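Participant: In the order they appear, the protein sequences are chains B and F. At position 381 of the first sequence the residue is numbered 380 (numbering that gives the first Met the number 0), and the sequence of numbers has no breaks. At position 323 of the second sequence the residue is numbered 322 (numbering that gives the first Met the number 0), and the sequence of numbers has no breaks.
Please keep in mind that the hints were generated in silico from the structure rather than gathered at the bench. It is possible that some hints are incorrect.
[Claimed, not checked] With beta-carbon atoms standing in for the labels, derived distance ranges:
| hint | chain 1 | residue 1 | chain 2 | residue 2 | range |
| --- | --- | --- | --- | --- | --- |
| 1 | B | S303 | F | D449 | 27 to 37 Å |
| 2 | B | I200 | F | D119 | 40 to 50 Å |
| 3 | B | R287 | F | S524 | 52 to 62 Å |
| 4 | B | K503 | F | G451 | 23 to 33 Å |
| 5 | F | S337 | B | G486 | 42 to 52 Å |
| 6 | F | R484 | B | G356 | 47 to 57 Å |
| 7 | B | L161 | F | R290 | 48 to 58 Å |
| 8 | F | S524 | B | E511 | 14 to 24 Å |
| 9 | F | R303 | B | M482 | 15 to 25 Å |
| 10 | B | G475 | F | N269 | 56 to 66 Å |
| 11 | B | G356 | F | S337 | 25 to 35 Å |
| 12 | F | S139 | B | N480 | 33 to 43 Å |
Only a predicted model underlies this, so the values are computations on that prediction, with no experimental measurement involved. Just so it is clear, CB atoms sit at the ideal spot from N, CA and C, and this is done for glycine as well.
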Amino acid sequence: MGIVAAATTAAATCTSRLLHHHATYHRHQLRYSASPFPLSLHCGSGRREAAARALLPDRVTPFSYGVDEDADDHPREECGLVGVVGDPDASSLCYLGLQKLQHRGEEGAGIVAVGGDGKLKSVTGLGLVADVFGDPSRLASLPGPAAIGHVRYSTAGAAASLRNVQPFLAGYRFGQVAVAHNGNLVNYQALRNKLEARGSIFNTSSDTEVILHLIATSLSRPLLARVCDACERLAGSYSLLFLTADKLFAVRDPHGFRPLVMGRRRNGAVVFASETCALDLIDATYEREVEPGEVVMVDRRDMSVASACLLPHRPRRACVFEHIYFSLPNSVVFSHAVHERRTAFGQALAEESPAPGADVVIPVPDSGFYAALGFARASGLEFQQGLIRWHYSGRSFIQPTQAIRDLAVKLKLAPVRGVITGKSVVVVDDSLVRGTTSSKIVRLLRDAGAREVHMRIASPPVVGSCLYGIDTPSEGELISNRMDMDGVRREIGSDSLAFLSLGKLHSIYGEESRDYCDACFSRKYPVLPTLADPAAEPEE
Amino acid sequence: MGIVAAAAATTATSRLLYRYAAAGSDRHNRHHLRYYASPYPLSLRCGSGRREAAARALLPDRVTPFSYGVDEDADDHPREECGVIGVVGDPDASSLCYLGLQKLQHRGEEGAGIVAVGGDGKLKSVTGLGLVADVFADPSRLASLPGPAAIGHVRYSTAGAAASLRNVQPFLAGYRFGQVAVAHNGNLVNYQALRNKLEARGSIFNTSSDTEVILHLIATSLSRPLLARVCDACERLAGAYSLLFLTADKLFAVRDPHGFRPLVMGRRRNGAVVFASETCALDLIDATYEREVEPGEVVVVDRRDMSVASACLVPHRPRRACVFEHIYFSLPNSVVFSHAVHERRTAFGQALAEESPAPGADVVIPVPDSGFYAALGFARASGLEFQQGLIRWHYSGRSFIQPTQAIRDLAVKLKLAPVRGVITGKSVVVVDDSLVRGTTSSKIVRLLRDAGAREVHMRIASPPVVGSCLYGIDTPSEGELISNRMDLDGVRREIGSDSLAFLSLDKLHSIYGEESGNYCDACFSRKYPVLPTLADPAAELED
Numbered sequence: 000m001g002i003v004a005a006a007t008t009a010a011a012t013c014t015s016r017l018l019h020h021h022a023t024y025h026r027h028q029l030r031y032s033a034s035p036f037p038l039s040l041h042c043g044s045g046r047r048e049a050a051a052r053a054l055l056p057d058r059v060t061p062f063s064y065g066v067d068e069d070a071d072d073h074p075r076e077e078c079g080l081v082g083v084v085g086d087p088d089a090s091s092l093c094y095l096g097l098q099k100l101q102h103r104g105e106e107g108a109g110i111v112a113v114g115g116d117g118k119l120k121s122v123t124g125l126g127l128v129a130d131v132f133g134d135p136s137r138l139a140s141l142p143g144p145a146a147i148g149h150v151r152y153s154t155a156g157a158a159a160s161l162r163n164v165q166p167f168l169a170g171y172r173f174g175q176v177a178v179a180h181n182g183n184l185v186n187y188q189a190l191r192n193k194l195e196a197r198g199s200i201f202n203t204s205s206d207t208e209v210i211l212h213l214i215a216t217s218l219s220r221p222l223l224a225r226v227c228d229a230c231e232r233l234a235g236s237y238s239l240l241f242l243t244a245d246k247l248f249a250v251r252d253p254h255g256f257r258p259l260v261m262g263r264r265r266n267g268a269v270v271f272a273s274e275t276c277a278l279d280l281i282d283a284t285y286e287r288e289v290e291p292g293e294v295v296m297v298d299r300r301d302m303s304v305a306s307a308c309l310l311p312h313r314p315r316r317a318c319v320f321e322h323i324y325f326s327l328p329n330s331v332v333f334s335h336a337v338h339e340r341r342t343a344f345g346q347a348l349a350e351e352s353p354a355p356g357a358d359v360v361i362p363v364p365d366s367g368f369y370a371a372l373g374f375a376r377a378s379g380l381e382f383q384q385g386l387i388r389w390h391y392s393g394r395s396f397i398q399p400t401q402a403i404r405d406l407a408v409k410l411k412l413a414p415v416r417g418v419i420t421g422k423s424v425v426v427v428d429d430s431l432v433r434g435t436t437s438s439k440i441v442r443l444l445r446d447a448g449a450r451e452v453h454m455r456i457a458s459p460p461v462v463g464s465c466l467y468g469i470d471t472p473s474e475g476e477l478i479s480n481r482m483d484m485d486g487v488r489r490e491i492g493s494d495s496l497a498f499l500s501l502g503k504l505h506s507i508y509g510e511e512s513r514d515y516c517d518a519c520f521s522r523k524y525p526v527l528p529t530l531a532d533p534a535a536e537p538e539e
Numbered sequence: 000m001g002i003v004a005a006a007a008a009t010t011a012t013s014r015l016l017y018r019y020a021a022a023g024s025d026r027h028n029r030h031h032l033r034y035y036a037s038p039y040p041l042s043l044r045c046g047s048g049r050r051e052a053a054a055r056a057l058l059p060d061r062v063t064p065f066s067y068g069v070d071e072d073a074d075d076h077p078r079e080e081c082g083v084i085g086v087v088g089d090p091d092a093s094s095l096c097y098l099g100l101q102k103l104q105h106r107g108e109e110g111a112g113i114v115a116v117g118g119d120g121k122l123k124s125v126t127g128l129g130l131v132a133d134v135f136a137d138p139s140r141l142a143s144l145p146g147p148a149a150i151g152h153v154r155y156s157t158a159g160a161a162a163s164l165r166n167v168q169p170f171l172a173g174y175r176f177g178q179v180a181v182a183h184n185g186n187l188v189n190y191q192a193l194r195n196k197l198e199a200r201g202s203i204f205n206t207s208s209d210t211e212v213i214l215h216l217i218a219t220s221l222s223r224p225l226l227a228r229v230c231d232a233c234e235r236l237a238g239a240y241s242l243l244f245l246t247a248d249k250l251f252a253v254r255d256p257h258g259f260r261p262l263v264m265g266r267r268r269n270g271a272v273v274f275a276s277e278t279c280a281l282d283l284i285d286a287t288y289e290r291e292v293e294p295g296e297v298v299v300v301d302r303r304d305m306s307v308a309s310a311c312l313v314p315h316r317p318r319r320a321c322v323f324e325h326i327y328f329s330l331p332n333s334v335v336f337s338h339a340v341h342e343r344r345t346a347f348g349q350a351l352a353e354e355s356p357a358p359g360a361d362v363v364i365p366v367p368d369s370g371f372y373a374a375l376g377f378a379r380a381s382g383l384e385f386q387q388g389l390i391r392w393h394y395s396g397r398s399f400i401q402p403t404q405a406i407r408d409l410a411v412k413l414k415l416a417p418v419r420g421v422i423t424g425k426s427v428v429v430v431d432d433s434l435v436r437g438t439t440s441s442k443i444v445r446l447l448r449d450a451g452a453r454e455v456h457m458r459i460a461s462p463p464v465v466g467s468c469l470y471g472i473d474t475p476s477e478g479e480l481i482s483n484r485m486d487l488d489g490v491r492r493e494i495g496s497d498s499l500a501f502l503s504l505d506k507l508h509s510i511y512g513e514e515s516g517n518y519c520d521a522c523f524s525r526k527y528p529v530l531p532t533l534a535d536p537a538a539e540l541e542d
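Using the sequences plus the hints, can you model the full thing?
Facilitator: Next up, the structure:
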C-alpha cells in the first residue's frame, strides 16, 4: 500500500482549509487512506446505539483523596500535554509548562527528551510536577533540543501507579517512540483484545498503550503514515504528542474533543500544549489550534513543519466543560478566551434566573469567579468575596476521628462573616455534580448567619458521564439524575436553586454550538463505545 | 516577695472585670492577680534622645534566612513569622491544634510543631520542618500526642538565623519543678542583653532563637507559684510577644503590654478553651470567639477543673497593635484586634481612591490574593469596573533554582498570569496592599505591559514602607526598602508604571480615628514604641 491522493470532496475541503491556515509554513500536504481496519461508527444506528449505551461505564474514582475528595466534587480533567522542539532547553520548558497545567492532573508527571545522540530518555514520577522534578538532577538528565511532557490523572487505568505515568516510551523495530495522551479511547478494549490475540503484550492498564502497539504493528511507511494508520483505528478522544529521534508529532482526534494548541518561540522553536497558558509562560506566541483530525509533524533537524489529515472527517465536538470549569481562565481554548465564556455564562444565568431581593453575589472560589462577576453585573447586585479558599497543599491523610474529619472539611473554604451575616446571598458556582460541595457551602453560609442562600449554577444539570477523558462520577451518583430541580434544592438546603439552561448555553455559542460536545448535559454522545468482541481475529 | 494589689492596676483590672461580666462565664473561678516588684525592670523611657540615638544604630540589617528560589523572586511582601494555637479541655486537643495550625499556615511555612500533655502529666513534642500537612503527614505522629491539652506553632524565624529543626517550636524544657513548653509569636528586642546576662550566670543555650531566653527566665525566677514565675519572666522581656505555655496541669496565654501581635480566646461547645493568633483558626475548629487576650494580660487555664484566672503584667504600656496585620498578614476572614480584616482592607482601598483616583482608567484589578478587598473598595469608590486581571497559580511543591537564567526568568511568571482579555488595550489600575522592595510591582507592571495594557496605574493601599520591623516581621533591611532610597516619582520610574500612589499615613490614621494611637506603624513612620536594649556583656544579674 502506498500513499495516494484521494479525490473525495470531504478530503479536498479539509485540505483546502488547512492550506489556507498553513500559508506561512513549508508544508507537505498528505492524506492517508486505505486503513485495513476502519472503525468508524454509524451514528444514529438504533440497535447498535442501544446496545452500546449499556456499556456506559459506572466509573469510580481511582482512590480516595481524603479531605480533598470530600471538599470538591467537580469532575476532573485527566491530562495535560506540552511538547517543545528546536530549543536547547526543551525539557526545562516542558517542566515549566507542565507546572502551568498542573490543574489538569495532579497524580503523576513525566518528561521524555531526545538527546544529541538521538536517544530518548524518560523521567516520570507520582505527585505534583514540582515534586517529581524536585531533585535538580532529574531535569538535568534530560538535555536535548526536543521533549514532550505529560501530567495526569487516569481515565481507563484503574489505579495510581508509576507504570501508568506518561509519556510512555517504547522501542520497536525502527527505533524509539514516546507518546503522551489527553483523552479517552472508547474502543480501547476491542483494540486491546485484537492486539493480544495477535500476540502483543501490555505493561500497563492505560488505554494509551494500545497506540504504541498500533504503530508497531502498522504495515504502513514512513512513520507519518504509520502514525496516521494507527490513529485512524482509534475511536473516542485523543490529543497526542509523539516524540522520536528526529521528529515530534502532534495529533488531534477528528472530533477535537480535547484542546491542543501550537505556538512558537522567538528562536523558532515550535511548542504544543493543551492550553495557551503554558505557551504564555514559556514565551511562546500562540499561533493556532491543531485542527481536529490534523497530524502536525515537526522535523527537529531542519524545523520543517508538515501536516496531514486523518480520515474520515468527523463533525467537530469540542468539550464545552473546558470553558465551564477545566481550563484556566487566562487560557484561550477552542479559540475562545475562557474568562469571557464564563462571564457570559454568569450573565445569561442572571437573565434567566435572577434573584430579586438578594443583597450580594459571591463566587465559589476560584472557578466560579467570572460567572459570579457576570451575574452581578447583569443583575446589578453587589459583587463580593464571601468565601476564601485555603490554598496550601501538602499531603493529607484521613483524620483519626469522624468529629475531626468533619472539621477538616471546612479547612478548604472559609466564610467571610462580614459579607454574609444577615444577608440574602446569591452564591454562584460553575457546575453541580453530586451536590456534596454545594450542600457544604450552603451549610457554611447558613452557619455564618446568611439570611437566605440562593444557589446559581452557571451550567446545565450534569446528567451523563463523560466517555472522552473526564473522570465523572457514575451516573447513579449524579444528583440531577436522581432528583428534579426542587429535589436537588432540598437536598443541598438552599432557598432557591437554578441552572443555566441547555438552550441558553447553546444560544451563547450561536451557530457554533453544534461544534461542542455537551453529552454530560444532553446525553447525546458523538461516539459510542465499541462492543468488545474477544473472538474476533484481526484481518491479515 | 508576695502578690500585692496595687492601686495603679485598678483601672486595668476593672476593665477586665467588666469584659468578663459581659461574657458571663466562669465568674466564680476568676482570680484577679497583678504581680509587681520585678527586680529587673527593663522599661525604656521613650524620647530619651541619647539612648534613642544609640539604640537606633542597632536597628537590624536583616537578611532572610535562606533563599526560596522562585518564591523569593516572586513575592517581596514582608512575612509574618509565627502562628500559635492552644487547646485545653478537649480529648482531641492535638488534632484540633493540627487543624488550627493548617489554618494559620500563612503565618509561617518553614516549620511546625505541637506539644501535648498526656493523661500521665508528661509533655510530648512533635516538630518538623515544612508545611503543617507535611510535618504531620504520618498519622502516627499526631497519634503519639494524645491528651486533653496541647499547644502548637508555625513559624519562620526572626532572630534565629537559619532554618533548623532545633529552632522549631514549641520548645520543651525540664526544670526543677517539672516540664514547660512555650510557643512564641513576636520578637524580643532585648534578647541579646538577656542572653548575655543569663550566660554570665551559667545558663546554656541550645538554639539561636530569642524564645529560648523565656524558658531560662522562668527557670531562674525566684518567684512562686508558677503564675508569678511566668509574670516575673515576662516582665523582663521587651518587644513583642504573644505566648502560650503548657505545663502538666496548666495552659498560660500571655500578650505583651503593647499588644503588638494578635492573640484571641475562644471556647468550644464542650467547654474547651482555645487560644489562637487569629479567629480563622477558632472558626475552623468550631470554637466561638470570645475576646482578645488583652495587652499585658496573663490568662491561666487549669486543665483539671477548667478554671480560668487572669493577671496583669506591670508596668502598663500604651497599646500598639501591628497595623500590618490588617494590611496584609492576617486572613481576610479573621477578626484581628476586634476588627474584621476584610472590612479594614476595603476601607483602605476606598480611601486610596478618594486620595489618588485614576481618572480616565478603564478597569481596576487586584494583585491576588491579598490586594483583592482593597481593589474592590477602590473600584466601588471610584465607580470603575472591577475585574480579575491577574491569576495566581496556587500549586506548591518543592522549588529549586532553575538551571539557566533564561529559565529562571520564565519561572518568575509561573506565580502570576495576566488575563489578556481584561487587560489588552486598557488603562489598568492595579491595586496591591503594600510595596516593599518594588520587585513584585515591577514584575507586575512588565507582565501587564507585555499583555498589552495601554497604561498601568499602580495604587498601593498602605503608606510607603520606610522602616524595618523589630517586633516579629521579617522585613528587608532598610537599605533594600525602595521608598527609603527614592522619592515617589523615583519609585514610579523604577517599577515602570505610568502613575503611582500610596495611601497616606494621615489617611490611614483617619480611618482608625481615635484609636489610631493604639497601632504600631513604625514601618511607615519610623516611630518605634520600644527600642532595642544595648547589650551589656559585663553586667551581672543581681541576686
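Participant: Next, verify each hint and record whether it holds.
Facilitator: Evaluation of the provided hints:
no.: 1; hint: B/S303 - F/D449: 27 to 37 Å; result: holds (30 Å)
no.: 2; hint: B/I200 - F/D119: 40 to 50 Å; result: violated (59 Å)
no.: 3; hint: B/R287 - F/S524: 52 to 62 Å; result: holds (56 Å)
no.: 4; hint: B/K503 - F/G451: 23 to 33 Å; result: holds (31 Å)
no.: 5; hint: F/S337 - B/G486: 42 to 52 Å; result: holds (44 Å)
no.: 6; hint: F/R484 - B/G356: 47 to 57 Å; result: holds (54 Å)
no.: 7; hint: B/L161 - F/R290: 48 to 58 Å; result: holds (53 Å)
no.: 8; hint: F/S524 - B/E511: 14 to 24 Å; result: violated (59 Å)
no.: 9; hint: F/R303 - B/M482: 15 to 25 Å; result: violated (52 Å)
no.: 10; hint: B/G475 - F/N269: 56 to 66 Å; result: violated (38 Å)
no.: 11; hint: B/G356 - F/S337: 25 to 35 Å; result: holds (32 Å)
no.: 12; hint: F/S139 - B/N480: 33 to 43 Å; result: holds (41 Å)
Of the numbered hints listed earlier, those contradicted by the structure are 2, 8, 9, 10.
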